[in-house]
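K.L.:
If you're matching positions, the sequence shown starts at 74 in our numbering and goes up one per residue.
If you are wondering where the hints come from, they were derived from the structure by calculation, not from laboratory data. None of these values were measured; they are calculated from a predicted model. There could be a bad hint or two in this list.
What follows is a list of derived Cβ distance ranges for each label pair [stated by the list, open to error]: (1) Glu303 / Phe166: 19 to 25 angstroms; (2) Arg214 / Gln293: 33 to 39 angstroms; (3) Ile235 / Glu164: 32 to 38 angstroms; (4) Ala334 / Met74: 22 to 28 angstroms; (5) Thr335 / Lys252: 41 to 47 angstroms; (6) Val286 / Gly330: 21 to 27 angstroms.
Listed next, the in silico DSS-like pairs over lysine-lysine satisfying Cα-Cα at most 25 angstroms (straight line) [stated by the list, open to error]: (7) Lys268 / Lys121; (8) Lys283 / Lys194; (9) Lys195 / Lys283; (10) Lys121 / Lys248; (11) Lys252 / Lys194; (12) Lys195 / Lys248.
The beta carbon of each residue, even a glycine, is placed where N, CA and C say it ideally should be.
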Amino acid sequence: MESGSGSPLLLLPGWSQTAAMFYHQLDVFGGSHRVLALDHRGHGESGKIDHGYRVSTLAIDLRHFILGLNLDQITLLGHSMGAAVIFSYFEQFGSDRIKGIILDDQPAALTLDDETSNQVKKEAGVIFTLEQLTAICDALRGDGSMNATREMLAGMLSERLIAESMEWILTENLKLPRKHAATLLWDCALADWRKVIPQIDVPTLVIGGKASVVPWESQQWNHEQIDRSECKILEAEQGGYHFAFLEMPDRFNAIIGAFLATHRSSNGCG
74 MESGSGSPLL LLPGWSQTAA MFYHQLDVFG GSHRVLALDH RGHGESGKID HGYRVSTLAI
134 DLRHFILGLN LDQITLLGHS MGAAVIFSYF EQFGSDRIKG IILDDQPAAL TLDDETSNQV
194 KKEAGVIFTL EQLTAICDAL RGDGSMNATR EMLAGMLSER LIAESMEWIL TENLKLPRKH
254 AATLLWDCAL ADWRKVIPQI DVPTLVIGGK ASVVPWESQQ WNHEQIDRSE CKILEAEQGG
314 YHFAFLEMPD RFNAIIGAFL ATHRSSNGCG
C-alpha cells in the first residue's frame, strides 16, 4: 500500500498483521512523505508461498523491496515483529539506505532460558516460556487455530478496541495461513537481538506502552543501547497497548510526526 510523495516512510507490520492496519498512518503521513506499507510474505495481500517464514528471510525480502524500488534515505517504522525485521536488516546489511528507524513495542528477546534472572527477562522483554510458546504454536497448527489467534489478540488489545475492531483485526490476521504463522512465531520468539540492537547507528525512536503485553522496561532498555535514540512510553489512557497505532492513532501519529520533524535534514529522518 502506498500514499503521498517525498521522503520514504516504510511501515512494517508485526507478526500475522497486515499493511492495511496502518490506514491511520497512510492517511496522515501521505501529506508529507512517500508512505509505503509492506505486507510480509504470506501476510495480507502478499503471495502465500510455502517457505521462508523466518525473520531473517523477511529482512532479505525487505532488502529486495528497497532495491527494487530504488528507495534511499528511508525511515523505517516496525511494529512488533516488524521491528525484529529491522534488527535483522541491520545485522545483515547495516544502515545502508536507512536514515532513521522507529521501533514500536518489540523486545530484544521474547523467550529466554528459565535460568535467566527476572531482571534480565524484564529488560529483554520476555513474555513466553518455551512450554508456552510450544503450546501456542501447536494450537496455531491445530483445528482450533482461529480461536487460538483470537485469544492471542485479545491479550494485546484494550477492551474498547476488542469491542470495536476485533473481527476486522482477526480477519486480517487470518490472511497468513496458520501453519506459516506458527513457523514464523517460533522463529521470531526464539531470536535474541541483544547484541544487534547496540549496533544501530541512525536516529531512532523507541515506543512502548504501560498496558502492553510487552514489558515497557524492555523498550527503555532498547533505548539505552542505541546512542542516537529517544524513547516514549505511553500510559494506558494514551493508547499504551501493543497496538498503539490503532488504539489512539492521533497520539501515536503526533509522536511519529515530532520525531520526523526533529530529524528533518539530509542526515535525519524528515
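K.L.:
Can you give the numbers of the hints that this structure goes against, from lowest to highest?
P.N.:
Result: hints 7, 11 and 12 break, sorted rising.
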